[in-house]
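**Q** Sequences are here, hints too, so could you generate the full structure?
Residue numbers (mature numbering (1 follows the signal peptide of the UniProt record, and there is no 0)): -27 to -1, 1 to 154.
Derived by calculation from the structure, the hints in this document are not laboratory data.
Check each hint, because a few of them may be wrong.
[What the hints assert, rightly or not] Below are the DSBU-like pairs computed for lysine-lysine, each with C-alpha atoms no more than 30 Å apart in a straight line: (1) Lys31 / Lys75; (2) Lys119 / Lys149; (3) Lys121 / Lys75; (4) Lys121 / Lys69; (5) Lys31 / Lys121; (6) Lys72 / Lys121; (7) Lys72 / Lys119; (8) Lys121 / Lys149; (9) Lys31 / Lys69; (10) Lys69 / Lys119; (11) Lys72 / Lys31; (12) Lys119 / Lys75.
[Stated by the list, open to error] Pairwise CB distance ranges, derived in the manner of DEER restraints: (13) Tyr151 / Pro108: 19 to 25 Å; (14) Ala154 / Asn43: 35 to 41 Å; (15) Ser82 / Met135: 21 to 27 Å; (16) Ile20 / Leu146: 17 to 23 Å; (17) Lys149 / Lys31: 26 to 32 Å; (18) Ala154 / Gly109: 20 to 26 Å; (19) Glu45 / Gly147: 30 to 36 Å; (20) Ser82 / Glu30: 20 to 26 Å; (21) Asp22 / Lys72: 16 to 22 Å; (22) Gly142 / Gly109: 28 to 34 Å; (23) Ile26 / Gln122: 29 to 35 Å.
From the three backbone atoms N, C-alpha and C, an ideal C-beta is built for every residue, glycine too.
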Amino acid sequence: MNLKQRASKNLFILSLLLFINFGPLNAQTLPTAQGFIEDLFDIYLTIPDGQQIESFEKLMLEAEQYKELNPELAEAWIACALIHTLYAGDQINPLKAAKEFKVARDQFSQSIELDASAMKGYATAFLGRLYTMMPGWPVSYGSDRKSKQLLQQALDTDANTMSNNAYYGEYLLGNKLYQEA
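**A** Below, the structure is given as structure tokens:
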């Protein structure tokens, strides 16, 4: 893993750590959605890179079952999308990774349709980050224009959330917009 990939992965983990402490969420969904995210942290932080796939797959199955039982809960879609994102990042096969990133994109999009303000706009911010990370057409769905639009929407939802600001700052720096950053 090169320095840029490690820095990006570390920013992702930092934002997830902040994500756990969101304050008032839907009380009915908090323990389960947050539980999946905490389990995701445990896997990421305690199991060495390259050995996490089996644990991600097990957690993904459980989270997907929860989401299927609660399709109206934006938090369930967010938890699944986050798991798919880290699972994709641990893949050696680029085609499988691209497929998982697409699943994550679709799940973040569904979460936004259900409740764009869920978890303080995290789905919108992270979806914007995915559009920045992914290559553009014809390889994948990446788009700087779409990324900027989503990241600004996340800030409109909650400008005080560190992850929303961090992802927008990462976008600005990546596009050499130093004055705005």
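**Q** It remains to establish, for every hint, whether it holds in the given structure.
**A** Against the structure, the hints come out as follows:
no. : hint                        : in the structure
1   : Lys31 / Lys75               : holds, 19 Å
2   : Lys119 / Lys149             : holds, 17 Å
3   : Lys121 / Lys75              : holds, 19 Å
4   : Lys121 / Lys69              : holds, 26 Å
5   : Lys31 / Lys121              : violated, 34 Å
6   : Lys72 / Lys121              : holds, 23 Å
7   : Lys72 / Lys119              : holds, 19 Å
8   : Lys121 / Lys149             : holds, 13 Å
9   : Lys31 / Lys69               : holds, 17 Å
10  : Lys69 / Lys119              : holds, 23 Å
11  : Lys72 / Lys31               : holds, 18 Å
12  : Lys119 / Lys75              : holds, 15 Å
13  : Tyr151 / Pro108: 19 to 25 Å : holds, 24 Å
14  : Ala154 / Asn43: 35 to 41 Å  : holds, 38 Å
15  : Ser82 / Met135: 21 to 27 Å  : holds, 23 Å
16  : Ile20 / Leu146: 17 to 23 Å  : violated, 30 Å
17  : Lys149 / Lys31: 26 to 32 Å  : violated, 41 Å
18  : Ala154 / Gly109: 20 to 26 Å : holds, 22 Å
19  : Glu45 / Gly147: 30 to 36 Å  : holds, 35 Å
20  : Ser82 / Glu30: 20 to 26 Å   : holds, 23 Å
21  : Asp22 / Lys72: 16 to 22 Å   : holds, 20 Å
22  : Gly142 / Gly109: 28 to 34 Å : violated, 21 Å
23  : Ile26 / Gln122: 29 to 35 Å  : holds, 33 Å
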